[in-house]
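J.: Protein sequences appear in the order of chains A and B.
Going by my numbering, the first residue of the first sequence is number 1, and it counts up by one from there.
Going by my numbering, the first residue of the second sequence is number 1001, and it counts up by one from there.
Bear in mind the hints are in silico, worked out from the structure with no lab data behind them.
All values reported here derive from a predicted model rather than from experimental measurement.
Among the clues, some could well be false.
[What the hints assert, rightly or not] Covered, in the sense of this in silico footprint (three residues per stretch, anywhere, with C-beta under 8 Å from a C-beta of chain A), are these stretches of chain B: (1) 1284 to 1298; (2) 1324 to 1331; (3) 1345 to 1352.
Just so you know, even glycine gets a beta-carbon here, dropped at the ideal spot from N, CA and C.
Each chain is listed here by its residues.
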Amino acid sequence: MTVVADSSAPSMAPRTTASSWRSSRWLPLAAVLGAFAILSTTRILSDTADLTSSGTFGVALRTAAPIGLAGLSGLVAERSGTINIGLDGMMVLGTIFAGWWGWEYGPWAALLGGIIGGMIGGLVMSLATTTFGVNHIVAGVAINLIAPGAARFMAGELFVDTQGGAITTSPGNSGSIGAFTVPFLSGGDLFGWKSPDILGWIEDHGWFLVADLAGVLKGMTTAVTWDVVLTIVVFFGVGYLLWRTPIGLRLRAAGERPAAADSLGVSVHKMRYLGMALSGALAGMGGAVLVLFSNRYQEGQVAGRGFLGLGTEEQVAVLRELEADPALGPVFFSVLEMTLEAYYRDPAVEAVVEARTGFRSRLPMVGTPLPPFDPARLDRVRALPPRHRPA
Amino acid sequence: MFERIWRASLAPLAATAAAIIISSIALLISGNSPVDAFKEMWQTIDSTESVVLIINRAVPYYIAGVAVAIGFKMNLFNIGSNGQYLLATLIAGWAGAEVSLPPPIHVAFVFLVAVIVGGTWALFAAILNVTRNVNVVIATIMLNYIAIGLVAFLLSEVLADESSGGLAKNTKLMPASARLPSLNRLIELTGFNFAPGVTLFGFLPFAILLGVGYHILLNRSRFGYELRLSGLSPEAARSAGVNPKRMVLITLFMSGAVAGMIGLPYLLADPNFLKYGDAFPTTIGFTGLGLALLGRNSPIGIAAAAIVWATIERATQRLAPIGIPPEIGKILQGAFLLTAVIAYEVINRRNAAAAARAAAAATGRLKLDDESPPPPPHANPIAGAPA
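Construct the complete structure from the given sequences, taking the supplied hints into account.
T.: Next comes the structure, spelled out in structure tokens:
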């Protein structure tokens, strides 16, 4: 087994002393500051205030949360001795359960549902890998195959024929999860009193570097939804659990030196089940955060796609806004085209096309850059006789 | 002989039964009748047309399975076959349409381009592994994304056929000299007639040749011996004089080269395609991973798995009109894969335990606990790899 690296090897390798500057803890900080200086310069030179605005980084935090949770899920699995290739599938299971419970019982239930959905995936995978000794990659690939099918199947049973629901989307969560703004730093409320917004004040002055840093900090402290707050807590919690508690030590021992753990009376099987349950729960929570972000379950939302991640009403609202402003005309058309394309790429539409014609219209990959909009095509449509145009 | 066949088919039979039971439960929970569903599925595949469609669809799956099986045999997980075939098909499709050559040479040229591109793409991961000790799984997975981006860029900016216009981008149609004729004529010689509109694609013989070649290379050549040895015991291989780095480089190149051929049945023989473009199937490489595992890396096993896969896909196509969600097909496939690998593992353990008991009985010295299987391999996370 020389080619596939042993998971325990990297952590056991002694840190090299020769390259001390590389392991210096100041380097990352310097790199971040350097990157900031570049961003800040770009903002001033190109006059694009949004580059480092609090709004941008607020969205960035929300987008990063599910990715971070997925990473954490992989870490827990790896530490407890399972390579979790199936975490994508567990995330999908998280989204479908979150969409279902969020619709029936509200946003907090969505979070819980996501965790449970992911946990089911983790336990099924652990059943295969731990109890039956199936190759981890094999079991993971199988989970990744089953999960989208199961999600689609459930969506068909749960959401079709409901108000606003379809096989690819849930009717929407009942209620929103609410948000939290830090007092003093970003002007959050403190027992009904509105505290001063210090970071916002700095950001508005547009000073080089300082304003940019303030924008980033404000973005991360303003209207942070509770699921993101919880994500941050979970990060610290998992770190504490793994490295500061007896159970964390057992979990890591089961992954790194199972024979040693076994000889000290730790049940390696139990620990691996626990690790996979936790890993699945984290991946499922990542899925739930996605569902809370777009306020509904959408098929393939694990692949996350900007505009398409919005709900239908939001999409319509954005389109109306764009249409009303003549200066934004080109944007309107490209968004329209994206929406149309999203429709034709929708698996449900593809399935109908394939069922009726036998032709697979599957396009090569999600996220292929669209060709620039060609206004000549509109002229061609205009030139058509009126009967070809919808009323 | 019969016992061998019975042993080999025990796990797939158990898996089939379990998959049918699991999907029946899913159907029952959702308020559908499993009997109706399976009846409809049977009626969909019960025609010559369906059989031909299933074979046509199974051929690329089969190639994808063989491609990764080559790596699996020495515990090299080439998860990147998907990117390798997308890139190889695009470039082979473009190059094939650009040149004009006499028919057999033209087809050979397209093959060569696809094989070289696919192999080279896999070779990047091999070089990273050999020189910098980068994990092959990670490197090949990541190269998938690079390949997907590269294909999207090349297709939309460089290699697209500008004359076609319209939104969809694709390479030029393959010229007639690069197309493989359908096999209908050959089949009709045996007195069997196809319904009009049904074509058996001409790639099938190449796929069969590939399987035979794979079998011979693996089981009848020195290289194949070294490859299997490296998979079973890297230490033993090294001490027997096998150069592990050379093995990684060659094996991954070969795996990528075969992966490069995955798209060729569509490119050279399917009248609906004959070009690389937006409508091209894009996930066959990933399917191949599951099929290699189902087929236990043997060419016949992979062929059987590919046919099962294609059959399920075909069978569930007409479920929607009678009100049964066709997604049951995905559940059927997933459940089949998972239960099959579990069944293989369980039977392996029982065989190992039986062998241990037999050895103990023969020596008469050791007393083994009758029911306890050997402990599962904990030490390495990817232990229990398909041998």
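J.: Does each hint fit the structure? Answer for all of them.
T.: Now the hints, each set against the structure:
1. 1284 to 1298: Per the Cβ count (4), the hint holds.
2. 1324 to 1331: That given contact holds, which follows from 7 residues of the segment 1324 to 1331 of chain B lying within Cβ reach (below 8 Å) of chain A.
3. 1345 to 1352: holds (count 3)
The structure agrees with every numbered hint stated previously.
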